[in-house]
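*Asks:* Can you build the whole structure from these sequences, using the hints too?
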Amino acid sequence: MSDTAAAPVPVAEPPRLGLSPFRASLRRYAANHLAVASSVVLLLVTLACFIGPFFFPFTADDADFDNLSAPIDLFSAHLFGTDDLGRDLLLRVLVSGRVSLALGFFGAIVSVFISVLYGSAAGYLGGRIDDLMMRAVDILLSVPFIFLAIVINVMLGKNNTSLFIAVVVTLWLTPAVIARGQAVSLRSREFIEAARAGGMSSFQIILRHIAPNSINVVIVYSSLLVLETILTESFLSFLGLGVQPPAASWGTLIAEGAQKLETDPRVLLLPGAFLAAVLFCLNYITDGLRDAFDPNER
Amino acid sequence: MSDALLSVRDLKVHFPIGRGLLGRSAGSVRALDGVSLELRAGETLGIVGESGCGKSTLGRAILHLIKPTAGNVIWLGRSLHDLDATALRKERRNMQIIFQDPLASLDPRMTVGQIIARPLKTFEPALGKTETERRVLAAMQEVGLAPEMVRRYPHEFSGGQCQRIGIARAMILRPKLVVCDEPVSALDVSIQAQIINLLRRLQREHGLALLFISHNLGVVRHISHRVLVLYLGRVMEVADRDAFFARPLHPYSRALISAIPVPDPKAERARQRIVLQGDLPSPFDPPVGCRFCTRCPRATERCHREEPALLDQGAGHLAACHYAGEG
Amino acid sequence: MLSTPMSADPDAVAATAPILEVKGLAIRFKLPQGWVTAVDGVDFELRRGEVVGIVGESGSGKSQILLALMGLLAANGRASGSALFQGREILNRSARELDEVRGSAMAMIFQDPMTSLNPYMRVSDQLTEVLTTHRGVGSAEALEIAVRMLERVRIPEARRRIRLYPHEFSGGMRQRVMIAMALLCEPALLFADEPTTALDVTVQAQILELLADLARDFNAAVAIVTHDLGVIARLCDRVIVLYGGRIMEQAPIEEVFYDPRHPYTKGLLASMPRLDESPHEDLRTIPGQPRAAMGDLPGCPFAPRCEQRIARCTQETPLLLRAGDGRAAACHLVAP
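Chains as they are written, first to last, in numbering that gives the first Met the number 0: chain P, 0 to 297; chain E, 0 to 326; chain Y, 0 to 335.
Keep in mind the hints are simulated off the structure, nothing from the lab.
Incorrect hints may appear among the rest.
[Stated by the list, open to error] To be clear about the criterion: a stretch of chain E counts as covered by chain Y if any three or more of its residues have a C-beta under 8 angstroms from a C-beta of chain Y, and this derived list gives those stretches:
no., segment
1, 3-11
2, 154-167
3, 207-221
4, 248-258
5, 312-325
Even glycine gets a Cβ: it sits at the ideal position worked out from N, Cα and C.
*Replies:* Encoded structure:
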């Protein structure tokens, strides 16, 4: 075979997509079957709570006087029975789930938002500002949580807003410390130095470089936060400091159920089971998120 | 010199170490201890030295990314020290830097296009989207990056390509000075040559002044017009490139040149090496007298006592040695 | 013929049997996307008294070859082929079997001495540990041998310094300690993975001198992995040039530098800035960039960057053909 030098043959390179680190993490998460299954279950529970009630021909407060304390009967109108006032148990749980879940997710999101900005600024700016900001956090952390909740309730009255604020005020603290730690380790990285050399102001650097690069750690922590807000809200409501009747959340239902435990355990078990299921799923989701997103794990 | 772009006078950077019980400093690391230099437009000054000599600190101190402890950096006729934070930031469009670790200097969450566009967004925020895109693509083309790479992420590129991204970002605002901090040390040999050629071309086309920091004398020789040798935070020698390599006056320069491995077995094995004894002293506690006296093969009693000044030994060739050029 | 050979008389060396024979070495890694070939088709021999340089850029697989021979491949790596050390197969052996030869007859020096020395142990303990484990000597005698070895690697005040911790030594001295540790059991085979890359250039020169002298004294077979052609020029008798996990060229030292045959070798030599060349010209470059794991694509791994490539180069992997007088090249354009 004669091998004369032909024109250079271009070598076909396999096409490569721009894979952002975020999308790479999403893929890793999707490969975790347990986490994905938990996400699906959580989604179903959420849908059930928000959309499910529309499928019931009655409301949660409707008293069905013909069926007081009806037992579980999956073929009747009241799938899980009624309580002693004739209210459908399942529907009550679903409707009150809206409050718990909404508080949980929104509380977590707001906490994350505040903590990332606060922590990134403190960590990047360093020096006295960092000291001051973190000492404030330390002081707040040392105040007993119940005490804070009571004070806020007293100041703002017992309503959902004060519950929301009480939850957020206590929960943003630890993620702020974590975000600050992340910012401190980021600030000595070369691409931050490049940003300074590029004439960016501190504000711009915090907003455009530090905060987005803390998203990994924050995502992991925010899922833990949802867990904590739901638990916290349930706890506060259980104590009577949270959601006030006639509104209900899983916490208030559990409080009710605890009182009626000897006569009618279903009233406790149903909301308890839902809460447990959600917390269970969140646990696996948190693990999955950490495995997929945490830069320290890789 | 009145036409100098950059004039550095007696620059010092000391990092305090530790604090005693009463808050008093326990001493400091004298990373830079009185460095002066000049740089003109279109010229490359090669800064050479080994670890601990302060060359990286020098680059950053000149750009005021590190605040100098003393001394003056005069840029375009104005002392940087006199500028407030905002004015200093505005001046940064004219003085840029490229780094040793190409990948680490790029934000991993931004696409190549976003990284290169960042300086535009900082200094010309009113620029429209189309115009920004046009300039980013032009910058990429100038450094030899294919335009379809614009939406990719840094981790998908090799070291050499990442360095090109860094150069595109530095060049997009047409700065007058670029500090190159060991830009090719982390790259493969065959890629080093590509990047050096690129920098040379950019300098030719734009009249760029380069401060080229490196420990690799072979590479420095290929890109510099003048060479400055640093040792333990002080200048040992400054000269035009050809004069430096033909006739180095300082014993340390001679040792550096003789230590460069040459890819030629016969020449390499026939060479008489100057092997320095001893270790690098700590910048925390530099030797009394000439900084190099503990390792210099021709140190005398005078060298241990009296620090030599940086003197012009003729034709603008400066050396800090009592016995410059002898032997 | 070189005036001062770095090693023992080359003719005498060539006459002895090889201490290490590697045939068809291939290394694959299991990644999420499947198996990826990092190294393929590597054949070479090492003899006592010679210094062989393995040169390559990133992605060439040079470090992986050493790690595979020492049994230090990562958990997701698999080596195949054959490697006979003193007549015994050492590839894919259990850790226990390898421990008999590792550290004693076969030793390795790593690139970064700070991470390869235990920072929590005194140097004396680390050195004597090697001796008491492999040579079964008592601790007092081990200390004596260790001190003498430190003196041999030219560490001043060895007896005092041996009691220090690694971080109390400078970079160059730590590398000497590593070398001392590697030589304590008088190995027949010494691997060095980029031994001077992390050091300053003036210190590099010292370490290279030391390595050359010691290799001669011990009559060991030395394989140095590096990307630095200057180091190769100073120390080696033979050179193996790697690219993309395959051997491109093998030749005695003078042939590689003065009469390279493979386009990659030529390109590599041409792209180095030389003190004896004019600095006014642009440096000659090899276009494109080195890529790793080329072993799975057909054809020569260097083809995408080769300015002399022909159609055959991207379709058919060239074999490493021997040309006599110790030379071999893997290129369709190089006649054996």
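*Asks:* Could you run down the list of hints and mark each one as holding or not?
*Replies:* Right, here's what the structure says about each hint:
Evaluation of the coverage hint for the segment 3-11 of chain E: breached, as 0 residues show C-beta separations to chain Y shorter than 8 angstroms, against a requirement of three. As drawn, the segment 154-167 of chain E meets chain Y at 4 residues by the rule of a beta-carbon pair under 8 angstroms; at three or more, the given contact holds. Here the segment 207-221 of chain E counts 7 residues with a CB under 8 angstroms from a CB of chain Y, which clears the bar of 3, and the coverage holds. Residues of the segment 248-258 of chain E lying with their CB closer than 8 angstroms to a CB of chain Y number 5, which satisfies the three-residue condition for coverage.
As drawn, the segment 312-325 of chain E meets chain Y at 0 residues by the rule of a beta-carbon pair under 8 angstroms; below three, the given contact is violated.
Of the numbered hints listed earlier, those contradicted by the structure are 1, 5.
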